[in-house]
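K.L.:
Mind docking chain B on chain A? Use the hints.
In case you want the letters, here they are:
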Amino acid sequence: MVSGGILSPIIGTIILMALVLLISVPIGVLGAIFITEYWGNHRISRIWWMVVNNLAGVPSIVWGLVGLGLLVYYLDFGLSLLAASITLSFVALPLIMIATKEAVDAIPSSIREASIALGATKWQTIRHHTIPYSASGILTGIILSLSRTAGETAPILLTGVAVNAAIPNSLFDSIQALPYYIYLMTQTSDRSAAIPMAYAAALVLIFLIVVMNLGAIVLRNRYRKKYRW
Amino acid sequence: MAKIQVEKLNVHFEKNHALKDVSISIEEGEITAIIGPSGCGKSTFIRCINRMNDLILGCKVDGNVIVDGNNIYDKDVDVVDVRKKIGMVFQKPNPFPKSIFENIAYAPRIHGVTDGDGNVHKASKKELQEIVEWSLRRSALWDEVKDRLDKSAYNLSGGQQQRLCIARALAIRPGIILFDEPCSALDPIATAKIEDLLIDLKNEYTVLIVTHNMQQAARVADKTAYFYMGDLIEFGETKQIFENPKEKLTEQYITGRMG
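Which chain is which? The protein sequence lines are A and B, in order. To convert, note that position 148 of the first sequence is 152 in the working numbering; the numbers rise steadily by one, no gaps. To convert, note that position 146 of the second sequence is 192 in the working numbering; the numbers rise steadily by one, no gaps.
So here's chain A without its partners, still in its complex pose:
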């Protein structure tokens, strides 16, 4: 087990992150904007945010169990990339939604009023004002939640990783991922050979997260400079 490189876990983690991004960003960002802008301070939206705040605190192993029961067995996805990425999206979604809500709430309502009074529709106001002005805050939230999910082991342990999985060809293949690889290396019997590999993999994981964050920080600063209030 200690032979062989870590290309497969690296690729696995990158693919997982890409899928989590693909699933949770549109749903999380658009969902949160829809609820804050269209439901406002309605009772349903207050209940909604209470639920989301609680979901954000759910331990990741619990999400792993949800993924195992719902996706792996009930929907019969098997131990797969699909099940793992959806389960990781469960972890990321509440965090992204909360960050989006906070960024949107920070925009003074007087700016929205100005746009509406000029005869803009609600959607035009959201598209031209709410989204661009809150983009830097939303991006920060996305980075933070993505970095957190990149390091999650428990959810994917139960839903999609396998010891010797290759680079996946389809959504239904099982995969490897860096956090899982690190965990595995610390559990093998050949400790003297495996522990340095675990540390090396951990360094790679941290490096990946730093690169991701740097990219997002650059993007965020561009928005910040463009729309300052």
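Please keep in mind that the hints were generated in silico from the structure rather than gathered at the bench. Cβ atoms here follow ideal geometry from the backbone N, Cα and C, with glycine treated the same way. It is possible that part of the hints are untrue.
[As the list claims (entries may be wrong)] With beta-carbon atoms standing in for the labels, derived distance ranges:
no., chain 1, residue 1, chain 2, residue 2, range
1, B, S69, A, G44, 30 to 36 Å
2, B, I102, A, F211, 50 to 56 Å
3, B, D127, A, V222, 40 to 46 Å
4, B, G115, A, V62, 37 to 43 Å
5, A, F211, B, N62, 56 to 62 Å
6, B, D268, A, S49, 42 to 48 Å
[Claimed, not checked] Residues from chain B shown here face chain A by an in silico Cβ test under 7 Å; the list is partial:
no., residue
7, V123
8, R129
9, K130
10, N140
11, A153
12, V159
13, I218
14, G221
[Unchecked claim] With a straight-line cut-off of 30 Å between C-alpha atoms, the simulated DSS-like cross-links for lysine-lysine are:
no., chain 1, residue 1, chain 2, residue 2
15, A, K126, B, K294
16, B, K197, A, K229
17, B, K292, A, K126
18, B, K131, B, K248
19, A, K126, B, K49
20, A, K230, B, K172
21, B, K130, A, K230
22, B, K172, A, K126
23, A, K126, B, K131
P.N.:
Okay, now just chain B, sitting in the frame of chain A:
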């Protein structure tokens, strides 16, 4: 016919009856000042004229507001069309956190430009530049900002920001402009500039201005309406309201014994 004809307007916020049976008729090309103590329904009243109260949860409006012969509270009226024809300037300057140019170009860009035959087409870059220059000249801001149109509107002073908001409202080519206490956050010099501008805009536009400053109402307005606790107490020529009020409540307010 009157430019704005308000008939039996009633506004409720949940259980609070904010405006009671207000009927008023506003002539084209005049400045009408709305005065009264805080919480008397002044702002609520002018926000009914471009249906901004629709945004407030639990707000219910009954009665007719007839603008240019059309009741804007009819069921088949498109709210967006109503607001396109009515400009509004708020209490606190609220420019968009974009460049000066973009602030003014925003409305023409989303609405398009109407040509001589009444057809709407997408605004070209040149047309946008013309609209921006025209609006800024009209709001007496052009000379101060012409060299920095691409700079953020947030770098302007409060008074300049408020004139930018006026320019932004003018860019939709409205017939009516509503001012909701436009000078309450400004210093006396900036206030004087806005007042000059108001007088300058008269005749071309029908202006409604809510103000706490009675001297301001006396200086700029043709007509003045006095609101108290949601009732329209008195409406008439500004001179008559200030010098010879018919109602006791108006007199008390004008002379500073109340409010």
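K.L.:
Next step is simple, just say for each hint if it's right about the structure.
P.N.:
Here is how each hint holds up against the structure:
A hinted range of 30 to 36 Å holds for the C-beta pair S69(B) and G44(A), which are about 32 Å apart. The hinted window of 50 to 56 Å between I102(B) and F211(A) holds, with their beta carbons roughly 51 Å apart. The given range of 40 to 46 Å is respected by D127(B) and V222(A), whose C-beta atoms sit roughly 42 Å from each other. In this structure the hint that G115(B) and V62(A) lie 37 to 43 Å apart at CB is violated, the actual value being about 59 Å.
Roughly 60 Å separates the CB atoms of F211(A) and N62(B), a value that falls within the hinted 56 to 62 Å. With their beta carbons about 45 Å apart, D268(B) and S49(A) fall inside the hinted range of 42 to 48 Å. Annotation: V123(B) was flagged as interfacial toward chain A, and the flag is violated, the nearest CB pair being 13 Å apart, outside 7 Å. About 4 Å separates the beta-carbon of R129(B) from the nearest beta-carbon of chain A, less than 7 Å, and the hint is met.
For the restraint placing K130(B) at the interface with chain A, the shortest Cβ-Cβ distance is roughly 4 Å, inside the 7 Å limit, so the hint holds. Annotation: interface hint on N140(B) holds; nearest CB of chain A at approximately 4 Å, less than 7 Å. Residue-level restraint check for A153(B) holds (minimum Cβ-Cβ distance to chain A is 4 Å; threshold 7 Å). Because the beta carbon of V159(B) sits about 14 Å from the nearest beta carbon in chain A, more than 7 Å, this interface hint is broken.
Interface hint status for I218(B): upheld, as the beta-carbon distance to the closest one in chain A is roughly 6 Å, under 7 Å. For G221(B), the shortest C-beta to C-beta distance to chain A is roughly 13 Å, which exceeds 7 Å, and the interface hint is violated. Pair hint K126(A) plus K294(B) does not hold up; C-alpha atoms about 44 Å apart against a cutoff of 30 Å. A threshold of 30 Å between alpha carbons decides the hint, and for K197(B) with K229(A) the separation of about 12 Å falls inside it, so the pair holds.
For the proposed pair K292(B) and K126(A), the alpha carbon gap of about 44 Å is over 30 Å, so the pair is violated. For the hint linking K131(B) to K248(B), the alpha-carbon distance of about 16 Å falls within 30 Å, and the restraint holds. Proximity of K126(A) to K49(B) is assessed by CA-CA distance (about 28 Å); at most 30 Å being required, the pair is judged to hold. Distance hint between K230(A) and K172(B) is fulfilled; the C-alpha atoms sit about 23 Å from each other, no more than 30 Å.
Distance check on the hinted pair: K130(B) and K230(A) sit about 27 Å apart at the alpha-carbon level, within 30 Å; holds. Annotation: proposed proximity of K172(B) to K126(A) holds, straight-line Cα distance about 28 Å (limit 30 Å). In summary, the hint linking K126(A) to K131(B) is supported, as the alpha carbons are separated by about 17 Å, within the 30 Å threshold.
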